[in-house]
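Assemble the whole structure, with the sequences as input and the hints as a guide.
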Amino acid sequence: MEAKPNTIYRALDRKAAAITEFTMRQYRTKASTWVILGVGLVAISLVMLIYIDVMASGFESIDNDGDSLDPDNDGYPTGQELKWGTDPYMDNSHPGLLTPPIEPEPASNYIDEDGFDYSITGTSTRQTTGFDDDGDCYNYDGTSSRKDSNQNGVECDVLLVQDRYSGQWNVNPDLNVDEDPDDAAYVAEATHMAFVLGIGKMGFVLLLGMFLPLFLATGLIRDEMSAGTMHFMLAKPIARTEVFLYRILGYLGIVWPYFIALGILFALISGFMGPSDGLFRFNDLGVWLAIVFATMMASFVYGMLFCTMGVMWRYGIVLAIPFAAWELGMCLISMGAPDASILRFSVIGWALMIVDAAAVLVWPNMDMFLLQGTTFGNDLNSIQTSAFALDFFYSKPGVGSNGLISSVFATVVLLVQGALLWFIGGAIFKGKEIE
Amino acid sequence: MMPDFNQEGKGQDQAWQPDLTVPAVLLEGVSKSYGRIFALSNITMALNGGVTGVLGTNGAGKSTMFNLLMGKLKPSQGKIRLFGTDPWKNPAPYARVGFVPEHEKMYDWMTAHQFVSTFARLNGLTRAEAMVEADRVLNFVGLTDVAHKKIGQYSKGMRQRAKIAHALVNDPELIILDEPLQGCDPLARTTIMNVIRELGRMGRTVIVSSHILQEIERITEQIIILHKGRLLALGNLHAIREKLDQIPHRIQIEADNAKELAKDVIDLDDVSGISFPNKNNLSIQTHNLGAIHADLPKVIVENGHRVHTIDNPDDDLASILGYLTNGGGR
Amino acid sequence: MSEQPTELPPADIEYGAEAPVTGQGRMQAAWGSSEGDEDMSSPQATQPTSTGHVFEQVYKPWQGTLNPRWMRNWAILRHHLLGIFKKGHRPWGMPTRLFVLIVFIASLSDAALTLLSGLIGDGSLHQLWGVSRDNLYGHVLGFFPRNVLYYPIVAALLVGSVISEDRQHGTSALYFSRPITRFDYVGMKFLSVALIQAIVVLLTLALYYFAEIISLGRGWAWIMDTFPLFLAAFVSGMLLIFTYTSIGLALSSVSKGKFFPGIGLLSIVLGTKVLAVLVSTLFDREILYLLSPYDCMAHVGQILIGTQPTYDQYSWTWSLASLVAMNALALYTLSARVSSMEVTRE
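Residue numbers (my numbering), protein chains in the order written: chain A, 1 to 435; chain B, 1001 to 1330; chain C, 2001 to 2346.
Hints listed in this document are in silico derivations from the structure and should not be mistaken for laboratory results.
Note that the Cβ used here is the ideal one computed from N, Cα and C, for glycine as well.
Estimated spans, in silico, between C-beta atoms of each pair:
#	chain 1	residue 1	chain 2	residue 2	range
1	A	L415	C	D2284	35 to 43 Å
2	A	T229	C	I2213	53 to 61 Å
3	A	T229	C	K2086	31 to 39 Å
4	B	G1290	C	P2095	55 to 63 Å
5	A	N139	C	S2315	46 to 54 Å
6	C	F2176	A	P322	31 to 39 Å
7	C	P2091	A	L415	36 to 44 Å
8	C	Q2308	A	V42	28 to 36 Å
9	C	G2219	A	N378	47 to 55 Å
10	A	S57	C	G2219	56 to 64 Å
11	A	G58	C	W2316	28 to 36 Å
Now the structure itself:
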């Protein structure tokens, strides 16, 4: 055999690649691996199918203020009559009688004619902003106090007041200002974003990121030990901690490509199906990247953890089950209270932080968007429902205000957790007597 | 704790050289206990060179001893050294060791060639080197023509040989075989025994365990007898046998008319005693088992006896162990 | 040297249940030697003779009377059931037994609080903890913590090994070499697992109900009023146990390991629930609840017990149909697997 230079590749080609390849091949020959990956795909695709159905069937636009109706049957919708100052309830009073006569507009012009157009500027806790798009406030034939129903001295505006303690903004628009936004657009946008976050956090990170390691990684060392085949591996000049690490690498070699493929598939489908000005929602790719990355990190830490549990005890399942329940709870807590310090003692809390951080970076106007949706109207309407769903899945990253910093921080924490578990698992494995 | 980043098995790059100063295997007062049960108690020995057979019944502590040697178990007491290194703490000496575990379970989904070459890489060989080495050892154990078949389709003997091949791939100085003949058909036994003898001739230190004396007898003369975790005998098989031969062998015959048969048998030269355990059974005592077995059929056929069974109850390990532990008898 | 040949057993040997006939361990008795090498002697060819001999084979028919079928089945049931409480029966793992005990105690929390409120005599406490439609429903079908941390995990731990272990170790031979049909075998396994869960779910429910009667001195009128509710909760509990057991045993019968059936049951119960919650939160569609065994049972239970249904996009009959379909599928898998199970060590 001719001597080849000892490159890094050749060095890695020795033990590490041998065990990693071996482990991947072992997974591939097991039917259970494919069953588990297939079930994961089916489960998560169910949600995707419903998303496609919802998006394809579209959303209904509602005339929130009722001004597209024509109660007096004079051919002019209420909105148009209000604009010209005629009486919408009397058929002998309509813009057609004005000089010059005004042609009646179609009723659809008065659906979704007054969208949200307020914003927060500066740091003042009491701001006046907003604009009445369709003029049904400005032209309203009434007293000025009727035009200034929020009583801040400015007619036809939106009053924003920040709560001193909670920091929440209260939205108080004047009557007929921003009263009929585009429901379909808002609901589609909110539903899409909620879907990306929801399937990313609960579908990818929680279900795939936790249950796949539970099935696939627990037996990595333990099954070999109980079957007696571990003897082959441990009779070679290789440290047990290394065996542990390379087995995990082999497991990651199976699940990481799976996550990446699934992530690309979902990013493509939702990018084309989701509401956008162009053909494809390129912005979302950042969030999908974070979702896939967070799932990969979670599966890495969980893999180390469940493998360690499997080594530690014959009844690894007994340890893994309460832990899985704990992580499920932590997942729900992180949706509601991302600042909760208890989340720091979980894996999923940190993984979800990566998704949150990306969402903050990719969708910087999310706060305003949520504020508009959740405060719209007095009774539960479709805008509010979709905004609440989005609000449930969206949360600010708990550490640091900057998305980039918190995602890097969370990644480092997850890596440290994984490394720590490797040390613990390796040490336990090292002290394990194998019959 | 940190991975071995250069990923080469230690001791692989330099040419193989027997280290004559340190014995391959050294056990000093080694005990292994599980709770109050001693699987191995106070074993002291050193092995270097040649083929050594480890004899013992099931549960005698053979596998425990091997697992201790291979660092699978931690000794409760005593010191174990493999080429001068504690195997529990340091896996480095395994580069010079080949181990054939007794477990039947193998990776059924691999071919023997994949199996051997994959595990060869754990010795620090590169992919290309491992392929070449796998071909070599599979040829050595005679599996070349089935090397690319799945292990799951192998017979027991072929599996054992695949296991042996995997242990030989790093050209080890010390080879430990735990029950390599278990469950094999006679043909496979012969093949495997030839392989082991061949290894011995190549100057390797070979330790092979079995619970069947005849198997060991055909492989080696140097034996260790373990019983209930204790070292019963160590040394040349013939020397041990000679001591055993001073104690008479027994032949048990079940015949229709044991008394009549006894009359005929007593005339044979080597019979030293006869007894009747019960009405139809005859027990012959002798110092020369072979001579009796040569003469006995003739006596029976010539005198027209109806014989149901002929049995040598002593010709197994249990009776030898019985002699060694109680000085004979059961 | 002794004159007794070793081949014959001594005359005074007892063939009792405690001393197995062969003097070997029970496993060995069932399995014999697997390799043929255990007898520590290798066959030795004696001098070949020119004459052969064919031995006449006579089988003695067994003349005893077989115990009735229920009695044999009872032995299996008893073996599994008593194993939870004491040694000498089926060795359930220590963690399993411990967890069953913990859940049993935790499951009694409402009974304890009812007793407490009765002792204190505080009406508001009793309103919170006493027997009511909602509390009876909650005892059996409440999601958190009972159907996250208690009942599914108990089911998972019990179901994990009950058939797969036999497949793994080949101990099914111990059953199938005796006059027991496969239906009896799987039926008794099912029943024993279900009964252990019944201790945790139904016994505690009954104790809760009695705690109310005792601590508040309820009379016949109250009992007449509430007994149908109790009965409905009881039936819901039976449905819960039956469903968890059938799904779990089906998983146990397809698997060789202990781990997979348990974790599989949990991921079916909790995974479908998470998916359904996700979809109903995102899109306000409840359709996926039909895939979740827990939600189907909860819906049916809500109708049975008469609490306010929390699923309002479809009728409860859909849930019932889905539940029946799930159980049918699970039982079909179970029976198909058990009837084709090979009596070997896998």
